[in-house]
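Protein chains in written order, with the working numbering: chain A, 13 to 256; chain B, 10 to 604; chain C, -5 to 109; chain D, 16 to 94.
Worth flagging that the hints you see were computed from the coordinates, not collected in a lab.
Yeah, the Cβ is synthetic: ideal placement off N, Cα and C, and Gly gets one too.
Among the hints, erroneous ones may be present.
[To be verified] If we take Cβ atoms under 10 Å as the criterion, some of the chain D residues that face chain C in the derived model are:
hint, residue
1, Val27
2, Val34
3, Ala44
4, Gly51
5, Val61
6, Ser69
7, Gly74
8, Val78
9, Arg90
Below, each chain spelled out in residue letters.
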Amino acid sequence: MSRRLRLVVFGLGVSGIGVVFVLAALLIPRFGGGDHPYRDLAVPAAVARSAPNVVSALNFDQRALDTLGEETILLASVVGAAALLRPTTSEHERSIVAEDRILSATTLLGYLLLPVTLLVGLDVVAHGHLTPGGGFQGGVVLATGLHLLYVAGSYSTLVRLRPLTWYGIAEALGAGAFAVLGVSGLVAAGGFLVNMLPYGRFGDLFSAGTVPLLNLAVGCEVASGVIVLLAQFLAQALTVRATR
Amino acid sequence: MDPSWLPPTVIAIPLIGACLVLALAQHTPRLVVDVAALVTALFTVAGGAVLLVVVGAGRVVTRVGGWTPQIGIVLVADPIGTALALLAAILTACALLYTWRYFDSAEAHVHVLLLLFLAGMVGFALTADLFDLFVFFELMGAAAYALTGHKIEEPQAVHGGFAFGVVNSLGAYFSLTGIALLYARTGRLGLAPLGAALTGRGADVLVLAAMVLVLTGLLVKAAIVPFHFWLADAHAVAPSPVCALFSGVMAPLGLYGVVRVYVTVFGAAVPAVVAHRTLVGLGVVTAGLGAVMCLAQRHLKRMLAYSTIAHLGLFLVGMATLSGQGMAGSMVYLLGHAGVKGALFLLVGLLLARHGNVDEVGLHGRGRADGVARWLFVLAALALAGLPPFGTGLGKAISEEAAERWWLVGIFVLVSAATGGAALRAGLRVHFGLGKPPTDADPDTTSGEDEAQEGRFPARIPMTMVVPVVVLLVGAVAIGVVPAVADRLAEGGRLFVDQAGYLEAVTHGAAATQTPAPARWWTLSGVALGVLSTALAVTLALLAVHGRFGWLGRLLDTPLRTLHRAHSGHVGDYVAWLLGGVAVLSGLLILPALP
Amino acid sequence: MNMFPYLVGGWLLLVGCLGVVRSRDLVHTVVCVSVAQSGTYVLLVAVGYQSGAAAPVQGEGTPVPGPVVDPVVQALTLTDIVVSATVTALLLGLVIQIAKLHGTVDPDRLNDLRG
Amino acid sequence: MNMLVMLGFALVAAMGTAVVFTGEPERQAVTLSAYGLSLTVLFILVQAPDVALSQVAVGTAVVPLMVMLAVRKVRGRRE
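Model the full assembly from the supplied sequences, consistent with the hints where possible.
Shown next, in the form of structure tokens:
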């Protein structure tokens, strides 16, 4: 289609959808209203299992299957991106040029922020059932933290601290651990993904049953997965070149 | 013993297997990876088979995590969903066996992605939660985009994967918007709780708009016109064993989703006649367009892809009857089609491996020495047209009976004849060198000349590549000759369209009422119509091989060119059609359903 | 005013689609797809909002009574964000390979999948 | 309070539109990051701290970084 015709088809479609959507939005319960039947069931259920962070309870207990699927999507796309960005037979990875080691302000900031970020990441993973955050958020923070080394200008250090094979294995084990915990629920408590551990005392680090364990598995998978993912993009942008 | 542990186990097997393969892949030889992946797929097949037996003519309901349907996620295995999960597992096993000698690279990416893809398909077929359906939809998608673009040395492959990814993702976001609207109205996410909440209130614009949006993503997956563009591109470029999965089970799962969601969620709120009329219309248009485009291809995988689109249209017509019989007919047809079409894709993969080419013209006569493969190709082409006793023929016969109206029966016969004829034409030209190679090249179509080599030009065809073809064809015959299959699916069809029974089973776990569905089997007219479409296909193929279309060919030239040009491979075009399609769908479903 | 947040969700979905349709660069296309998806987050959190309610994270010690905003939509949005990031990664990977093989990322100049 | 929430929604709508109408992918990585930040602000305003944390990690850091790297690779091919 020509650009013009394409925009005409799109325009007709959008006007139709727009009218329907506005008419539908008029019938949605008032914004900010108090009618949330699912919430009224989910919040007491979470509290009964000593999980103050109801969102975590939903993600790792009540709707844990969604999260299993979500982590599998992440796994699939990390493996998929690795497959799509593998160097082809007509490409090679050029060696990394050693950077000069002048301690600029950015470098210093990068090195200073690195431990802080890693600690924050671990904290977010560990307290996922108590405070905002969890395995996913913490995992991303951990992975991003490691990449502060790239910001600090030391791609070679980053590469040395990043044995990708092991992160690949850690990613697989993290994702597998979630499913295995699900199956253990089946064996131990008669139901897939059943929260089979004692719920503990409300607000304790070791409470809410399997929620912290699942958080840990996800944290491990997400941190390794995002590192592997970003590694592919960094390699493409920095080192993979066509062989002439 | 309570069988509720089985459905989640069947989802978990390929998932855990994929993680194991990925962990192993880094440090073990290729053979270990091949065996581990294949064993995982076979375990999933076994799990699916056991589940199918346990489900019987009822439903197995699993409350994941032990939560009630209002709080947690529920899995419901019924005969039709389980049959589709089993089909996905069998096709994945075939694909893994076929890839054993197919890819040179020692990478385990394909194995892991295929197993994750399988987990997504099984989850999609078994879940009874609308948001969970979206999650598994995306899981299928993520694995499928990467598999489509896997041949990264080939320009068309990455382009096709990209178009597929964009269109499918946007379709999924429309679905999610619909889910959000439904949640705003009802505060529920489970299919059964949603259905219960919408019962007896009638449908207003909010509910109808939500329905249109939710169905959009599923129709994109099912490649129904005008959401079908991605399918031909993706199938043309994906590795052949992956195509067998896409055509055989991924796209049909989209149709499964459409009917599942309509029946369980909207069955009581939206008049059946409105849904019926719209879906039949979409099915007829899809079948017709797919058949025409199928005949107009020279790229063998694109030809098979359009034939899949045509068949998806036919399945939708059968399912749109919203009757047990129509559902059963479509399912038998779908299973037979998966075997036949899978075999055809694998045979084309063999051509690609042996000759480095999938162009009907360029391969003219070059497949004469392919031994058993050339006879299998002709047989599969005839089966595609509906030759009894293949499952395709039986499914077509049952669907025709369910469709009732004579003109719909005519469409079934013509469309299956056209797709079978196109495949037969290619087989006769490539494997038997019949007719003269055509010389005119249409600039608006893709030829298959520059398709990248898959595999490594084996001098002899390896057994690992022939066995899956034979397995698939034997399976397609078995579906047509083992009465238990059609019987079980007849039961399944009846359960599938029974909204009240589904809601009852999820909320109270009550067993299905045991009124046996009438058995569906070959009838005299069914056999006759199957033979008729096969004969038409043969006639069409012979005419086409010898180029005898004369004035008809000249008359069709301009419209064909326009059609070719509309399938432009431009992702912006596809999205414009997507939006236009949603608007049309809104018009068809909302206006007549308003009080 | 009462429906404004819902309209923002719909607007983002459709404006993202518009971006895809008129895009002249596939990287731009991918970013527009992610904007379209963000429309779904916005719609979801808008649906779950309750005026004056607290975040669905109970305080330390004992659970605090009183309304909280709907945590379910937030759980869904979290999943949605992961999906968005992964889809973006895959599509960008494909774009990088398209650039290598076709020498262009202008959709108007990619014409190898016709008919 | 509600006024602030509405402003948040308006900001997100404006920023999202701006991202779409930024034609140059190089600059889009920046507007996308800013858009991610505006979504984060909105999520904080509507009492969704978990979502805000995800969004700030993914939407303002990881995704724009991937976009930037992809642009760098794609542009590198053209020169």
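Hint check results:
1. With a least beta-carbon distance of about 6 Å to chain C, the hint placing Val27 of chain D at the interface is held under the 10 Å criterion.
2. Satisfaction of the interface hint for Val34 of chain D is found here, the shortest Cβ-Cβ separation to chain C being roughly 5 Å, below the 10 Å cut-off.
3. Interface restraint check for Ala44 of chain D: the shortest CB-CB distance to chain C comes to about 8 Å, inside 10 Å, so the restraint holds.
4. For Gly51 of chain D, the interface hint holds, since its Cβ comes within 10 Å of a Cβ in chain C; the closest pair sits about 9 Å apart.
5. With 10 Å as the threshold, the beta carbon of Val61 of chain D comes within range of chain C, its nearest partner Cβ sitting at about 5 Å, so the hint holds.
6. Hint status for Ser69 of chain D: holds, given a least beta-carbon distance of 5 Å to chain C, under 10 Å.
7. Checking Gly74 of chain D against chain C: minimum C-beta separation of about 7 Å stays under 10 Å; hint holds.
8. The beta carbon of Val78 of chain D is positioned within 10 Å of a beta carbon in chain C (closest approach about 6 Å), and the interface hint is therefore held.
9. With a least beta-carbon distance of about 9 Å to chain C, the hint placing Arg90 of chain D at the interface is held under the 10 Å criterion.
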